[in-house]
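Take any residue in the sequence shown, count from 1 to its spot, add 1: that is its number in our numbering.
Wrong hints could be hidden among the right ones.
In silico EDC-like cross-links for lysine to aspartate or glutamate, where the CA-CA straight-line distance does not exceed 20 Å [unchecked claim]: (1) LYS48 with GLU80; (2) LYS48 with GLU35; (3) LYS23 with GLU63; (4) LYS23 with ASP76; (5) LYS23 with GLU78; (6) LYS23 with GLU99; (7) LYS23 with ASP69; (8) LYS107 with GLU35; (9) LYS48 with GLU20; (10) LYS48 with GLU77; (11) LYS23 with GLU77; (12) LYS48 with ASP69; (13) LYS23 with GLU66.
Quick caveat, the hints were computed from the structure, so don't treat them as lab data.
The model shown is predicted, which means the values in this text are computed figures rather than measured ones.
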Amino acid sequence: MRHYYSKRRLIILVPNDCESMKPRVQALSTRAYENMCGVAMANPNGKNAGHSCAFSPICWNENGECIDNTLLLADEETEGLFYANFDMEQLRSYREREMLGNTFRKVNAYDALLDNRVEYPFVR
């Protein structure tokens with residue numbers, strides 16, 4: 002199985018139902034940046050849970066200044082519907098001018114990552 006970069010994959014939607022959200026939310030922000038696509042995650046509210054969020058991949062403005070890529074970050078207790086606005090034209094433009102995407106990816110190196118074997122210390 003091979004994975005290819007596509008101009009059509011602009012948003013990743015992540016349905017979720019777990020606790021201990023701080024490291025997970027940080028990882029989603031990083032995934033948006035690394036993969037140059039938006040990421041939105043829905044998670045049920047509750048103590049040590051919640052934090053539905055959305056992140057843009059855009060981490061620099063057109064002047065090269067670092068900007069916050071957080072579009073939405075709910076708290077852990079508030080229940081509701083949350084909306085994030087992804088500017089698709091801005092996202093496409095960003096992907097065309099920035100250096101990530103598949104520029105430095107070595108897709109042939111992914112074969113080992115797709116191997117189903119589980120080895121020590123990860124055997125459970």
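For each hint, the structure was consulted:
{"no.": "1", "hint": "LYS48 with GLU80", "in the structure": "holds (12 Å)"}
{"no.": "2", "hint": "LYS48 with GLU35", "in the structure": "violated (30 Å)"}
{"no.": "3", "hint": "LYS23 with GLU63", "in the structure": "violated (29 Å)"}
{"no.": "4", "hint": "LYS23 with ASP76", "in the structure": "holds (11 Å)"}
{"no.": "5", "hint": "LYS23 with GLU78", "in the structure": "holds (14 Å)"}
{"no.": "6", "hint": "LYS23 with GLU99", "in the structure": "violated (28 Å)"}
{"no.": "7", "hint": "LYS23 with ASP69", "in the structure": "holds (17 Å)"}
{"no.": "8", "hint": "LYS107 with GLU35", "in the structure": "holds (14 Å)"}
{"no.": "9", "hint": "LYS48 with GLU20", "in the structure": "holds (8 Å)"}
{"no.": "10", "hint": "LYS48 with GLU77", "in the structure": "holds (6 Å)"}
{"no.": "11", "hint": "LYS23 with GLU77", "in the structure": "holds (10 Å)"}
{"no.": "12", "hint": "LYS48 with ASP69", "in the structure": "violated (26 Å)"}
{"no.": "13", "hint": "LYS23 with GLU66", "in the structure": "violated (26 Å)"}
In this structure, the earlier hints numbered 2, 3, 6, 12 and 13 are contradicted, and the remaining ones agree with it.
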